[in-house]
Amino acid sequence: MTRSFRKMISTSAALILMAGSAFAGPPEEPRVLNFDNLDKEVGKSGGSIKMLMSKPKDVRWMTVYSGARLVAYDETFQLKPDILKAIDNADNKSFTLHLRKGHQWSDGQPFTTEDFRYWWEDVAQNEALSKGGPPREMLVEGKLPKVEIIDSHTIRYSWDSVNPLFMTALAGARPMYIYMPAHYLKQFHEKYGDADKLAGLVESEKVQNWSSLHKRFGRQYRPENPEMPTLQAWMNTTRLPSERIVFKRNPNYHRVDPAGTQLPYLDEVVLNMASSSIIAAKAGTGESDLQARYVRFDNYSFLKQGTEEGGYNVLLWPSGRGSEMTLLPNLNTKDEGFRKAFQDVRVRRALSMGMDRGEINEAIFFGLGREAANSVLPSSPLYKDEYAEAWIEYDVDQANQLLDEAGFDKRDGDGVRLLPDGRPFEIIVETAGEQSQETDILQLITDHWKDIGVKLFVKPSQRDILRGRVSNGETVMSTWQGLNRGLATPEMNPEELAPVSPIQAQWPTWGNHYASKGASGEQPTLPEVARLSELYSNWRSAANYDEQAAIWDEMLSIFTDQVYTIGIVSGGLQPIVVSKKLRNVPEEGIWAFEPTLYFGQYLPDTFWLEE
Amino acid sequence: MIRYIITRIGAMIPTLLLASIVIFTIIQLPPGDYVETYIGELIASGESVDLERAQYLREEYGLDKPMIQRYLLWITNFVMGDFGYSFEYQRPVSEVVGNRLWLTIMVSFATIILTWVIAFPIGIYSATHQYSWGDYGLTFFGLLGLATPNFLLALIMMYLAQRFFGVSIGGLMDAEYIDQPMSWDKLKSILEHLIVPTIVIGTSGTAAMIRRIRANLLDELQKQYVITARAKGVPPFKALVKYPLRMSLNFFVADIGSLLPTIISGAEIVAIVLSLQTTGPLLIAALQSQDMYLAGSFLMFLATLTVIGVLVSDIALGFLDPRIRLSGGAEK
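Chains as they are written, first to last, in the working numbering: chain A, 1 to 611; chain B, 1 to 332.
Computed beta-carbon distance windows for the label pairs: (1) Gln55/B to Glu610/A: 48 to 58 angstroms; (2) Gln435/A to Leu152/B: 18 to 28 angstroms; (3) Pro181/B to Ser45/A: 22 to 32 angstroms; (4) Pro181/B to Ser48/A: 15 to 25 angstroms; (5) Asp179/B to Gly108/A: 19 to 29 angstroms; (6) Leu144/B to Ser379/A: 50 to 60 angstroms; (7) Leu144/B to Glu389/A: 58 to 68 angstroms; (8) Gly311/A to Gln55/B: 44 to 54 angstroms; (9) Val241/B to Lys304/A: 55 to 65 angstroms; (10) Pro135/A to Glu95/B: 29 to 39 angstroms; (11) Asn209/A to Leu17/B: 25 to 35 angstroms; (12) Pro181/B to Glu41/A: 37 to 47 angstroms.
Not everything, but these chain A residues come out facing chain B in the computed CB check (under 10 angstroms): (13) Gly132; (14) Leu240; (15) Arg467.
Subject to a maximum C-alpha distance of 35 angstroms in a straight line, what follows is the list of computed DSBU-like cross-link-like pairs (lysine-lysine): (16) Lys188/B to Lys57/A; (17) Lys304/A to Lys186/B; (18) Lys517/A to Lys334/A; (19) Lys197/A to Lys55/A; (20) Lys206/A to Lys57/A; (21) Lys101/A to Lys57/A; (22) Lys248/A to Lys186/B; (23) Lys459/A to Lys65/B; (24) Lys191/A to Lys65/B.
To be clear, the hints were calculated from the coordinates, so they are not data collected in a lab.
Glycine included, each C-beta is placed from N, C-alpha and C at the ideal position.
Go ahead and model the full structure; you've got the sequences and the hints to work with.
As C-alpha cells, this is what we get:
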C-alpha cells in the first residue's frame with residue numbers, strides 16, 4: 001500500500017517535471033536528411049572527438065561547422081529550408097517563414113515566432129541594443145519591412161520592393177540572426193527583466209549597463225555563454241575562458257538521419273586550446289580527430305609522415321577563394337604617375353600577361369593549383385572558361401607591345417620603362433607579411449616582370465597597417481587573397497566585384513564613396529567601374545534568380561576582362577587531418593567560409609565514430 | 001630604519017606613476033587600435049565587415065576618447081582595484097589573469113628551485129676548486145645552457161618527450177584533466193608536463209647563478225679570517241659554510257627584487273613555444289592585438305611587484321648586513 005502510494009507520487013512528480021520541459025527529442029516534423037545523394041552511410045550515435053583551437057574566440061567556428069541555418073545551401077548550392085520547415089518567397093519581396101512543429105531550443109523551451117518577434121521589436125529596433133537600427137540586410141532603400149506574426153509557427157516579412165539580401169544573409173556563414181531565445185534573454189532586458197536583479201548583475205559582471213549585459217549573454221554566433229540555448233547541433237557547456245571547451249550534443253536538434261535516428265551522431269566535441277604555432281605538430285601526433293584550422297599546406301609532408309602512428313588520414317581540399325593570391329593595382333593611389341598608368345587597362349593586362357603562372361604553380365603549389373584569373377571557381381554555377389582564362393596567357397611580346405602602346409615606350413639604361421614624369425616604372429608591392437609564400441611568389445614575379453621592363457619591390461608590413469595605408473590611398477600595389485565568394489551563386493551578393501568599401505585595395509577611394517553614401521571618397525571616373533556600381537545596384541533590385549544570374553555574368557565579364565585584380569593561381573590546397581575512426585567525412589570537398597561554411601556544408605552532424 | 005622604510009615607500013609612488021605613463025604611452029604607440037586588429041582578423045577569415053559597426057565598437061570600448069582621458073580613467077580605476085576590461089576575452093582583466101596565475105606561479109617556483117638545486121653545489125664546487133678540470137667542465141655545461149636558444153631547446157625536448165615518453169606536446173597537463181578537480185592522475189600529468197619547461201627555462205638561469213655564486217664566494221674565501229680559520233684547524237666544511245658562504249649570499253637576497261615579477265610573468269617566449277597556459281603568452285597576445293587594458297594592467301602589476309621586490313630585498317639586506325644599513329641609511 002505505502003509502496004504503491006509512494007510510487008504514485010513519484011510518477012506524478014515526474015510527469016509534472018516533464019510537462020514543465022517537454023520531452024527532449026527532434027521536432028515532430030524533423031528535417032530528414034537524404035543520404036543517397038550525399039554519399040554518406042547511416043552511422044552509430046555516441047562518442048567524442050577532439051579538435052584543436054587557439055583562442056577562446058574560436059568557439060565561433062563551432063557555429064560555422066555545425067551549420068544549422070534558417071535556410072541553408074544544399075550540395076548544389078541551392079537555398080533550402082533547414083531550421084525552417086518551409087519558406088515562401090514571393091518575388092523576393094515577401095517571405096513567409098514556417099517553423100517546425102514541436103521544435104525546441106536546446107534547453108527544452110519551444111522555438112516559436114515569439115523568438116522572432118522579440119528580436120525584431122525588442123532587440124533590432126531597440127536604441128540601446130542595436131545602435132543604428134536593424135542590420136542593413138533588413139532594410140530596403142532605408143525602409144523597414146512589414147512584419148506579420150500569423151500564428152505561433154508562421155511569420156511574414158515583406159518589403160515594398162525586392163530584398164535579395166534577406167535569404168542569403170540567413171544562410172550566411174556568419175548568419176543574420178532574426179531570432180533570439182526570448183525566454184532566456186528577457187531576464188536581461190530592461191523591458192522585461194527585474195530591475196533590482198539587473199542592477200545587481202551589472203554590478204557583479206562589471207559592465208556599463210543592461211544592454212552590455214544583454215549583448216554579452218546573448219551572443220549566438222560566438223557561443224560563449226553556456227547557459228544560452230541554441231539550435232545548433234552542439235551546445236557549449238564550458239564557461240570561458242578555458243583551455244578545454246566541451247560542446248555537448250543538442251538533444252532537441254532538428255535533423256534526423258534516413259533511419260530516423262536523431263542527429264548529431266557525436267555526443268561531444270571538445271576544443272582543446274594550444275598556441276597556433278604548435279597545432280600542426282600536435283595534430284601530427286594524433287591529438288586531433290578533425291583538424292583544418294591552423295594547419296597549412298606547408299605542413300602537409302610532416303602530417304603525412306605521422307599518419308600511421310597518429311591513426312589519421314590527411315585529405316586535401318581545394319580552397320574556395322577565387323585566387324590564392326592576387327596583385328591589386330591601386331587605381332586611386334595618391335601617386336599620380338601610377339594612378340594614370342593603372343587606370344589604363346592595357347597596363348593592367350600587360351602586367352597580368354607578363355607573369356609566368358605555370359612556373360609559380362610548379363614552384364610554390366607543386367603544380368596542384370590552377371593558373372587562373374581572379375574569378376569564380378569551376379564548381380560555381382556562374383563559372384565560364386573565359387573568366388578564368390582572361391589575360392592569363394604568358395606572352396612577353398604582347399605584354400611589351402601593350403605597354404608600348406600605353407605610352408611607356410621609353411626605357412632607362414637598365415631597360416626599365418619610364419613613367420611620363422621621368423621616374424622608372426618601379427612598383428612597390430605591399431604585403432601583409434604573414435606568409436613567406438607571398439614573398440616567394442612575388443620574388444618569381446620580379447624575375448618575370450624584368451622581361452617587360454617593370455621592376456618590382458616587395459615591402460612586407462603588417463595586416464592592420466596595410467589596411468590603413470590602403471584606405472588612405474598610400475599603396476601603389478598590394479596583395480591579398482582573391483574573391484572570398486569563389487563559389488558564388490546568383491543569389492549571393494556580388495559586392496566584391498563593385499566598388500563598395502574603402503577596404504578594397506584596387507579602388508579604395510571609389511569604394512569609400514559608396515560606403516559613406518557620398519560623404520567622402522570620389523565617384524568612379526572609369527565608365528567600366530561605374531557600370532559595375534550600376535550593375536550592383538541593379539542586382540539589389542533584381543526580382544528573381546535569372547535576372548540575378550544575368551547581372552553576375554556581366555559583372556564577372558567586366559571584372560575579369562578589365563583585370564582590376566591580377567589573380568595568379570587558384571585552388572590552393574587545405575590539408576585536413578581526419579581520424580581513421582571518424583566516418584562520413586567526404587574525401588573531396590571545398591574549404592571555404594562561404595557558402596560551404598568550412599565543414600558545415602558536409603554536415604558534421606552526420607560524422608560518426610567507428611569503434 | 002623605520003624612517004628609511006617610510007621614505008622608500010614614499011619614493012615608490014612617483015616611480016609607479018611614471019611607469020604607468022610610460023606603459024600606457026608605449027602600448028598606444030603602434031598605429032591603430034584593438035578594433036583595427038579585430039576588423040583585420042574578420043577580413044582575413046573571409047567575413048564581411050561593416051565599417052559603421054566598427055565605429056560603434058570604438059564608442060563602446062571608449063576608444064574614441066582622447067588618450068589622456070583614457071589614461072586617467074584607467075589609472076584611477078587601477079588604484080581602486082579595478083584593472084579594466086579585456087576586449088579580446090570580454091571579461092574583467094583580473095579574471096583573465098587570475099585564471100592563469102596559479103599555473104604560472106607553479107612553473108616559476110619549479111624553475112627557480114631547480115636553478116638553485118643545480119647552481120648552488122656547482123657554484124660552491126667551482127669556487128673551492130678554482131681552475132680545476134671540474135670547475136671548467138661544469139662551467140662549460142652551464143654556459144652551454146645559457147648559450148642554447150631556449151625556444152629551440154624547447155622544441156627539441158618537446159619532440160623527444162613525445163617520441164620516447166609519450167608526453168603530449170605542449171600544455172601543462174593532458175587535455176582531459178583541464179578544469180577537472182585535482183586528483184592523483186591529474187597531478188601526475190602535471191608533473192610529467194612540468195619537466196620540459198622547468199629544464200628549458202631553468203638552463204638559462206643556472207649558468208648566471210653559478211658564476212655569481214662562484215665569484216662572490218671566491219672574494220670571501222680569500223679574506224684573512226678564512227685563512228686564519230683554516231690555519232687554526234677549523235674543519236674545511238665548517239670553514240666554508242659558517243661565514244664565507246653566508247657572506248657571499250648578499251647578491252642572492254638582492255636578487256629577490258627581480259625574482260618577484262619573474263614568478264608572475266613566467267618565461268614569455270618559451271611559454272608560447274610550449275603552449276603553456278601561463279600569463280606570458282597572454283601578455284604578448286594582448287600587446288599584439290592592442291588589448292590595452294589587459295596589457296597595461298598586467299605590465300603595471302609587474303612594475304608594482306618589481307618596486308616592492310626591490311624594497312623587500314633592500315630591507316632584508318639591511319637586516320642581514322649591518323654595513324649596508326649604516327652607510328645606506330646615512331646617505332639617504
